[in-house]
Amino acid sequence: MLTPAFHFNILKPYVKIFNDSVNIMLDKWQRLASEGSSRLNMFEHISLMTLDSLQKCIFSFDSHCQERSSEYIATILELSALVEKRTQHLLQHMDFLYYLTHDGRRFRKACRLVHDFTDAVIQERRRTLPTQDIDDFLKDKAKSKTLDFIDVLLLSKDENGKPLSDEDIRAEADTFMFAGHDTTASGLSWVLYNLARHPEYQERCRQEVQELLKDREPKEIEWDDLAQLSFLTMCLKESLRLHPPAPFISRRCAQDIVLPDGRVIPKDIICVINILGIHHNPSVWPDPEVYDPFRFDPENSKERSPLAFIPFSAGPRNCIGQAFAMAEMKVVLALTLLHFRFLPDHREPRRKPELIMRAEGGLWLRVEPLNAGLQ
1 MLTPAFHFNI LKPYVKIFND SVNIMLDKWQ RLASEGSSRL NMFEHISLMT
51 LDSLQKCIFS FDSHCQERSS EYIATILELS ALVEKRTQHL LQHMDFLYYL
101 THDGRRFRKA CRLVHDFTDA VIQERRRTLP TQDIDDFLKD KAKSKTLDFI
151 DVLLLSKDEN GKPLSDEDIR AEADTFMFAG HDTTASGLSW VLYNLARHPE
201 YQERCRQEVQ ELLKDREPKE IEWDDLAQLS FLTMCLKESL RLHPPAPFIS
251 RRCAQDIVLP DGRVIPKDII CVINILGIHH NPSVWPDPEV YDPFRFDPEN
301 SKERSPLAFI PFSAGPRNCI GQAFAMAEMK VVLALTLLHF RFLPDHREPR
351 RKPELIMRAE GGLWLRVEPL NAGLQ
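Residue numbers (this note's numbering): 1 to 375.
Be aware that a few hints might be false.
Distance condition first, Cα-Cα at most 20 Å in a straight line; then the derived DMTMM-like pairs of lysine to aspartate or glutamate [claimed, not checked]: (1) K109 x D119; (2) K109 x E71; (3) K56 x E222; (4) K237 x D158.
Don't read these hints as lab results, they were simulated from the structure.
With the sequences and hints as input, model every part of the structure.
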């Protein structure tokens, strides 16, 4: 149903939004560095940037959340924290108990605020819904670079050919907003950490970007550039292996599954899939704790099972936003390395695998501005 929202023709114009959002963050970093603040918490800054980008791509709405406070963005962040906290308390997994707690009441209030925002956007957009053919409308919107996630959902049909209800649209948009910002921010924060620890790889990525953009002004990444960033992509994938943004996922078995040793996982059982464990399996990944981008050189990947690397899950229920996420991470990483050098903090971060791969106390790095991206 949602596949059209992630068709390449729809994703292409989003690259401009990715450029704009990361440039706001980089301008802020330049300002902080000039004031003597060179030690930054990557999660904090990059989460705001991904929220800014998502809000523009989903709703065509700019809250300027990277420059000033936004009630909606603050509420999304609060919901993320509350969900994370709830998973750690077994009794709170039961709704009737959870909603009796202070956190449960906060959660309900936050959900109402987020739902109200999305509902208002949907109603406003319905008033301007076209009567023209859907394909013509999509083409016109794509040409004007204003096609967003809400547009696609409003024009989508379910498996019975019926338009989606407002509740369905709200659920899809809120889920994408909620799930998309944290995972992308985690992936970006950890790849910058890994490149800070390996300056030789960081410099090679930077040179790849500089070569790509050497005759271009302004220095922005375009859709067709993404396929040219081969070494940067290898570095990104190796970081997603070492620090998968979603360390664990769960799936309900649709049928009985017979394991190689004869044991059976019964139908309807919920199984936890340990992506972190799969990515650190020494029989598949020699020296699994070593950061080695050359694992993802095409020559080295030929014989590897496609299920050995699953940062976006796999199969028919994989992450449908993975093309969006990979495009955003490549744009952000390329422009960030063009303008800043990253150095390890004095304190080594400790992995904190929760719903999202985080670092205890945040992931801090030292940043050094480069001279207009030319150094």
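Hint-by-hint comparison with the structure:
1. K109 x D119: 15 Å, holds
2. K109 x E71: 12 Å, holds
3. K56 x E222: 18 Å, holds
4. K237 x D158: Judged against 20 Å, a Cα distance of about 34 Å means the pair is violated.
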